[in-house]
Every structure is written in structure tokens, then in C-alpha cells.
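There are 2 protein chains.
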Amino acid sequence: EYLSSQSSPEASTKEPNRSKSYDPKKPHITETPLTRRNWYKHVNWLNVVLIVGIPIIGLISAIWTPLRWQTAIFAVAYYFATGLGITAGYHRLWAHTSYSASTPLKIFWAAVGGGAVEGSIRWWARDHRAHHRYTDTEKDPYSVRKGLLYSHFGWMLMKQNPKRIGRTDISDLNDDWVVVWQHKNYLKVVLFMGLIFPSLVCGLAWGDWLGGFIYGGILRIFFVQQATFCVNSLAHWLGDQPFDDRNSPRDHVITALVTLGEGYHNFHHEFPSDYRNAIEWHQYDPTKWSIWLAKQVGLASDLKQFRSNEIEKGRLQQMQKKLDQKRGKLDWGVPLEQLPVMEWDDYVDQTSNGRALVAVAGVVHDVTDFVADHPGGKAMIRSGIGKDATAMFNGGVYNHSNAAHNLLSTMRVGVIRGGMEVEIWKRAHNENKDTMIVKD
Amino acid sequence: EYLSSQSSPEASTKEPNRSKSYDPKKPHITETPLTRRNWYKHVNWLNVVLIVGIPIIGLISAIWTPLRWQTAIFAVAYYFATGLGITAGYHRLWAHTSYSASTPLKIFWAAVGGGAVEGSIRWWARDHRAHHRYTDTEKDPYSVRKGLLYSHFGWMLMKQNPKRIGRTDISDLNDDWVVVWQHKNYLKVVLFMGLIFPSLVCGLAWGDWLGGFIYGGILRIFFVQQATFCVNSLAHWLGDQPFDDRNSPRDHVITALVTLGEGYHNFHHEFPSDYRNAIEWHQYDPTKWSIWLAKQVGLASDLKQFRSNEIEKGRLQQMQKKLDQKRGKLDWGVPLEQLPVMEWDDYVDQTSNGRALVAVAGVVHDVTDFVADHPGGKAMIRSGIGKDATAMFNGGVYNHSNAAHNLLSTMRVGVIRGGMEVEIWKRAHNENKDTMIVKD
Ligand code: HEM
Ligand code: HEM
Ligand SMILES: [Fe+2]
Ligand SMILES: [Fe+2]
Ligand SMILES: [Fe+2]
Ligand SMILES: [Fe+2]
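So the sequences go chain by chain: A and B.
For the numbering used here, count along the first sequence from 1 and bump the result up by 1361.
For the numbering used here, count along the second sequence from 1 and bump the result up by 1361.
Pulled out of the complex, with its shape left as it was, chain A reads as follows (with noise of 0.2 Å):
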């Protein structure tokens, strides 16, 4: 094939697979059919405990562990800080470079992503740019079009086979020290960023260990990652497409409101590196103000953003394929060349035998059963009967509106041979007769 004497990046971006256990020789699990005896074989036991499992002890736990208002503002603080690690880091800084962090940033994002316990920032990324790459699917890890809850954390619970997930290049994400640091060491920035320093700060504080380690450390990471999670299931089911239908993503204000700004997804999907989601001032978009204010503070930078002639021309394109499924719904009257063709006397040969026919603009159009309910009366639409009707009709008696003019097509039965007006003054010269005057 053409393509594949073509050299590609992605040849020499050496990517490890995902799993060290997995061995390309032997048939991964995914390959073999879900049956009775196998299913718990599918399963990612590791996740549904992190994701299912561990919540539901701390739901049960909250039962007998009071909770203190000045834990309950950590936790919500801490929800805001650890969400925005995955939105303003993972996400936007890292999976899409739509700015460029300093170091103590980086950090800071690094830790509290580590926080929210969704992966480590490479695994995160590689995956984040495949669903993009790849969008709806089999490549993309998180395709909506295989469910709804697929999206949402289906694809984590149930085994995946690493083959199947689209390559990408992170090469960048390589080069960059604290991705890697926090790769190689994530097992201890999960266990300190997401329990271990919550519970500190509560016990620290105000003596609230446990109510740290449950409120601020447990519940947190499971709304924070239900929060997160929305960005790959609703955010591909619910809302409009204003820049492109070709793909899922949507924009709604529901999503944005649950994901920190990240619900304009329809956006984010045509401009991915526009460190934006929303781009009106009243939408809501905290993971956009915060990387705005981490700018003004100095530390960030090179903040990315797409013309606004570039979105627009987006949203124009849009919303004229709407418009133009909309017009092939519509009746616009018989095409002209469908139409069939008759001479001057033939159509008024065919008034004064009763047809009720004007001719605009050298096309016959039959009235009969629109006389009556003529807005400009039946005395003025009949004086046009069997006459050529153009300058009346367009302004000489009244300038008909647009809406006339659409009207008037749908009723189109012929059209005049040699454009009329013309032979009929031509008729008048040659047969030397005065009845009508032409001007100039």
C-alpha cells in the first residue's frame, strides 16, 4: 500500500506496552468469547476495588464518622484542587500542550492529579490523545458508541487488550522529568496525594484524622472521579454539536458544570489545543480561569488559542449543513427544467378557457385554487390572469415579499417558450399595431 512506504512518527517513538505481564505471543483474555466460566477472568479486579470497592466502605464508614465543617470545606477544596490536577494538568497541559507550565507548576499539578487517582499523567495522556486521535473507534479506549457506562468507567472495570488502543506519540511527555518521575513513583504519590495528606491536614489542623482519611481522602476521590469520568461519557451523549456532528462530542452546560469547564467538548474536540472550552465569558470554564490566573501569576505561559475567524468558520459550516438538510426537506416547486414548455398563446388560449394561470417572469403558474385566499385580494391576483404578470407582480402593483415569491414557485406548470414579454411585443411590430407602447 501507498501509505506504508511512508515513514511515520510513531515508528520511532518506542512505546512499551501497557502491561509488563502481557506477552504478545499468547491470546489476551479479551480475544476469548465472555462465557459463564470465565467471566471473572475479564474483569479488572484491581479497578472495580479502587473504583466500586473502596468508595462503597467509605460511604459505609461515613455512617459512624462524624463530619466536622471545617473538614467538609477541606474536602470540597481539596475535590476542587485534586480535579482541577486532572482538567488544568493531566488534561489540558499535558495531554494537549495548550500552554506551557514553569516547574513548580508542573509539580503542583503532577501532585494533586496524583490525588484524584485516575492513573499516572503518561498512562493518562497516552490514552487521552488515542480517544482523540481515534474518536468513536475501536481505537479510541473510551468510545461511546460501545454504551454509555462503557464510557463512563466500563472500559476500566472490564479487561482491555492493549493491541486494540491506538498508538500515539508522547514523546514530549518522555522528555518531560516530572512526567516520568511521577510515572516510575505513582503508586506512592496515590498513596500520600490521595490519603495520606488529606488525613495530615484534618488531624494536623483540627485533630479530624479519620474524617480526613474518609471526607477528604475516600468520598473525595469518588466524586472527583465521577466527576471526571463524565468528560468521556456525557460529554459524548448529551448536548449540541455546534462545529462539527461528524463525530460525538457535545457541548452542554450540565457537563461543564460537573467536569470543571470541560463540557464544551464539541469545542474541545475541533480545537484541542486551545487551552479553552468555553470561549463566552458567561460560560463556565474554572480549569480555563485557572490556568488564566496561573498565567498573571507567572506561572504559565504561552497560552494557546485558536482565531476566533478559525471557530467561526466552524460554527458557520455547521450550522449550513443544518440548513441545508433542512432545505431538502422543503417543497420549492417543480425544477424549471422539469417543467414542461409552452408558447404565448397556448397560456392564454388556456385562461380564457377558465384555467386560472399568470405568467411572472416567463413561467406559467396555475392560481386556481389560491384566488380566494390571495392576502392582496381575488380582484388584484386575477388581473394578472392570462397576462404577463413580472412587473406587477415585483412591484409595478405591489412588491410581493419573499414569502410570495416562495409561494408562487410552488405553483409552477410551465414555462413560456422565448421568455414572453419579448415576443409579444415583436407579435405588436410586426403586425404594425399600436396597442402597446414600449419606452426606450
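Incorrect hints may appear among the rest.
Same chains, same names: a pair is fine if it fits in one copy or spans any two.
In silico lysine to any residue, SDA-like type, Cα no more than 25 Å apart, as pairs [what the hints assert, rightly or not]: (1) 1690 / 1641; (2) 1682 / 1693; (3) 1682 / 1770; (4) 1690 / 1678; (5) 1507 / 1759; (6) 1683 / 1607; (7) 1687 / 1602; (8) 1682 / 1696; (9) 1524 / 1760; (10) 1656 / 1739; (11) 1690 / 1773; (12) 1682 / 1606; (13) 1520 / 1712; (14) 1507 / 1686; (15) 1748 / 1779; (16) 1683 / 1606; (17) 1683 / 1641; (18) 1687 / 1642; (19) 1520 / 1590.
Just so you know, these hints were derived from the structure itself, not from any lab.
Start from chain A and add chain B with the ligands according to the hints.
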């Protein structure tokens, strides 16, 4: 002129002049300039008294007239009845014949419409037809082009030149005995329905003769007048133009609320013989509702309605128009026919001299400033430099979004003679090299 030789239905309708004292030989007062000495001659004093004077007297009298709740309820109810007399009777029935009414309903509309004190049906409908036929022109009796206040009531407070107002066919009104009778007995109708009837009701029923006169009569007249005048002012000034922006009529919910549903005026001017003004169920149009109710009880029939196909065509064309205006304001890149033509070898040469050029679909693009911003990474876009990147760009490596295609076109710098690939394939064949293998 050609048109003048045609017979027009207008020529056959012998339209009496508006004022009997009007002598076409003497110059009309409006033909003399307004000066400090003759200004009072320009004022229509009768209308000033009717529209401004009496309401002021009413307001002052109200200070000493206690408002009883029964009278208040009656005044509001009578406000709606007389308002509907104008909107459902004068306007939609007689001016636009948008439905047929039985004689009892006609008499009712003629009575309550008279109680609104806005002139006879015959006079009102004639002016209104001129307003539709000559909208926004000199012949429009209440053209908004002359100012918002002029269109509201200025046209009544100042004397008008009857020759100025466009002429219209009102033969159908002259054939309607209810219209003719009301016109002949207009003063009696106004006095009875406007003032005597409300006083009688409140006097006989709960002894409030004066309250009935002041609140149910004078002040109610004032509010009905101001509300319905808004159709000529506000409805030509405030709101959107979803169907046509050639003229001034506009749609706005505020106007609709004030005018018993006549606020969807852009629609109304496009589809004047539609018995509806609001076409959506959730829009406020009590005039439409009352016509519909009248039909249910057998008092009205033949409710005219434009096909939704015609309405949607208008809306679509207006949207198309706005889209086209917007399209013209955006940058779509240099048109292909204005680009210089390059040879394939030229293109390759220039890229080896350091210019970042990428050829896609026969067009050369300068991506120098974009390499660092490329959402798919620097390595990816660099791999297209100096090559035919058509296939890579269109799915071979990544199927770029519509937005990427738009962006690409803004980077155009040349077209390649002969459409490139074909040429290089040929070259490979000619030189008998097998560096590239082309299947089927
Ligand atoms: C031949 C097919 C005709 C169609 C389909 C048609 C349609 C319409 C429509 C839809 C209107 C409503 C206002 C508007 O949309 O602009 C209208 C109004 C009018 N038409 Fe026609 N018309 C026809 C022929 C004529 C002719 C031959 C005359 C005159 C010789 C005429 C005179 C008028 C006048 C004076 C009005 C103004 C009524 C008003 O807005 O109050 N029409 N017509
Ligand atoms: C020549 C000018 C190019 C322009 C203007 C351009 C533009 C873009 C844009 C706007 C995106 C964002 C996603 C989208 O809108 O679809 C994108 C993504 C991408 N581009 Fe390009 N591109 C160019 C060339 C290339 C070439 C030559 C390659 C590969 C050989 C390439 C590979 C990619 C990949 C893999 C992505 C996916 C990144 C992701 O969504 O995560 N691009 N490009
Ligand atoms: Fe997505
Ligand atoms: Fe993304
Ligand atoms: Fe109007
Ligand atoms: Fe009207």
C-alpha cells in the same frame, strides 16, 4: 409607460376622499411648510382632544373617583373585549380577511371594536391595507421611517395629506353591510360603546355610574388605544426579523404581550392573511385563541393558514442570508485561482532550503508559524514537509477535522502544476525506479 396601459382593479373602485371638506384644487395644509404662525393649522385638534386631552381629564378625575373592585374587574374585561374588537375584528377579520365570521360575531366585533375609539372599520382597514402594501414608504400612513412616535400616534395628531396615503381596494368592505352601517353611524357607536355602555353596566349592576364612566370608559379607552397603537410603532422597531429583513416589521414577545398577540409582526407582514400571528403554541396570541374559540362554537369558519412549508422556507432563507453575510466577513484563505503555480521540484527544493511547506491536495501550504502549535505534535506535522501529505492529512495518519481543513486553507501559498502525485508517480516510472510501489 408599459404598466399604465394595463387595467388595474384599483381603477374600478371609486374611493371617496377621506374628508368631505377636502378640495383637491386648493393646496392641502400639509403642502405648506410648518411655521411659527401656521403651526396650529397643521395640528389635528380633534384627535389631540380624543387621544391626549380626554385621557388627561380622565386621569385627573380618577383622583376623586374611588375605584370599586367590581368596576376594576369590568374595566379590565372590557379592555380585553374592545382590544380584541380591534385585533380579531378590525385587523384579522376585515383588513386581512384571514377568516370568515358569522353575522352575530361581525356585529359583536363592530360594536366592541367601535368602543376602542380608533375610527370606523372602513377607515381603519383602508389605512391598514395601505400600510401593508406600501410598508415603510411615503405612501405608508404610519411609516416607522418617520420616527417611532410618528408611527405610534404622531400620524393622527398632525393633519395628513389624503393624497399621500397609498390607495387600496376595499370593495369587499363596501359590500359588507356591518362595515357600512358602522361607518355611517360611527359617532353613535363610539359614544355608546365607548362611554355609555360601560357606565350603564357599572351603574345598573352595582351603582357605580361615575366609576364605570371614568375607569370602564375614558381610562380603558386610553389603555386600549396606546396598546393597539404599539402594533404600528413597537412592532416595527423592537425585536428580530426571522422571515425577512427587507422591511421594518419585527417579532418580539413584549410587543405581543402589549398588543393581545400582534407582536409577531415580522411573520404577520410576510403572511398577512394567516389568522395567527404567533405560530408556536407557547407564544402569546390571545387574538388567535379567541378566533379559534369562535370557530369551535360555530361563529367563525375558513381560518386561513399558510402551509408550514412556506413559513419554514422564509425562515430558512433569512437564516441563509445572515449566514452569507457572516461568511463574507471571515478569512477563507487566498482563493485558489489567485495562487502562484509551482513545479513539484520547486516545492521540494524550497522545503530543503528550510521553508516548512506541506502539499495537500495539490495546494502548497506554509506551516512555518504553525509547527510549534500543531495539536498533533511537531513530529507529526514535520513528517509532511516536502511530501505529498494529502493522504496523511485525510486519514492516512489522522483524519483531520473540519476545523483543521479550514485552518489549512488560510496557509495556502501556491498550487502545484499537474496535481503532484501523478507527476511523481510518472517520474518514478519513467526513471524505472521502484522506490514507490503503487497497488491497483
Ligand atoms: C400570481 C400569484 C400571486 C401570488 C402567489 C401572490 C401572493 C401574495 C402574497 C403571499 C401576499 C401577502 C403579502 C406578501 O407576502 O407580500 C400578496 C399580497 C398582495 N398581492 Fe399578491 N400574489 C399573486 C399575484 C398578484 C397580482 C397579479 C397582483 C396585482 C395585480 C397582486 C397584488 C397584491 C397586493 C396589492 C398585495 C398586498 C396585500 C396586502 O399586503 O395588504 N398579487 N400576494
Ligand atoms: C499541514 C498542516 C496541518 C494542519 C493545519 C494540521 C492541523 C491540525 C489540527 C487543527 C489538529 C487538531 C485536531 C483536529 O482539528 O482534527 C490536528 C491534529 C492532528 N494532526 Fe495535524 N495538521 C497538519 C498536518 C498534519 C500532518 C502532516 C500530520 C501527520 C503526518 C498530522 C497529524 C495529526 C494528528 C495525529 C493529530 C491528532 C492530535 C490529537 O487530536 O490528539 N497533522 N492537526
Ligand atoms: Fe472526548
Ligand atoms: Fe481532550
Ligand atoms: Fe405593520
Ligand atoms: Fe396587518
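We went through each hint and held it up to the structure:
1. 1690 / 1641: between (33 Å within a copy, 20 Å between copies)
2. 1682 / 1693: Result: close both inside a copy and across copies, 18 Å intra and 17 Å inter.
3. 1682 / 1770: The answer is both: 24 Å in one copy and 19 Å across copies each meet 25 Å.
4. 1690 / 1678: both (19 Å within a copy, 14 Å between copies)
5. 1507 / 1759: Between copies, since 21 Å is at most 25 Å while 59 Å is not.
6. 1683 / 1607: Classified as both; 12 Å inside a copy, 24 Å across copies.
7. 1687 / 1602: This pair counts as both: shortest intra-copy Cα distance 16 Å, inter-copy 19 Å.
8. 1682 / 1696: Both, since 22 Å and 22 Å are each at most 25 Å.
9. 1524 / 1760: For residue 1524 and residue 1760, the Cα distance is within 25 Å only across copies (20 Å; inside one copy 68 Å).
10. 1656 / 1739: Close across copies (24 Å), not inside one copy (71 Å); limit 25 Å.
11. 1690 / 1773: Classified as within: same-chain Cα gap 19 Å, cross-chain 36 Å, threshold 25 Å.
12. 1682 / 1606: For residue 1682 and residue 1606, both the intra-copy (9 Å) and inter-copy (22 Å) Cα distances are at most 25 Å.
13. 1520 / 1712: Answer is neither; intra-copy 78 Å and inter-copy 46 Å both fail.
14. 1507 / 1686: neither (28 Å within a copy, 41 Å between copies)
15. 1748 / 1779: Within. Shortest intra-copy distance 15 Å satisfies the 25 Å Cα cut-off; inter-copy 55 Å does not.
16. 1683 / 1606: both (10 Å within a copy, 21 Å between copies)
17. 1683 / 1641: Answer is both: 22 Å inside a copy and 21 Å across each meet the 25 Å cutoff.
18. 1687 / 1642: Classified as between; 21 Å across copies, 31 Å inside a copy.
19. 1520 / 1590: Close inside one copy (17 Å), not across copies (72 Å); limit 25 Å.
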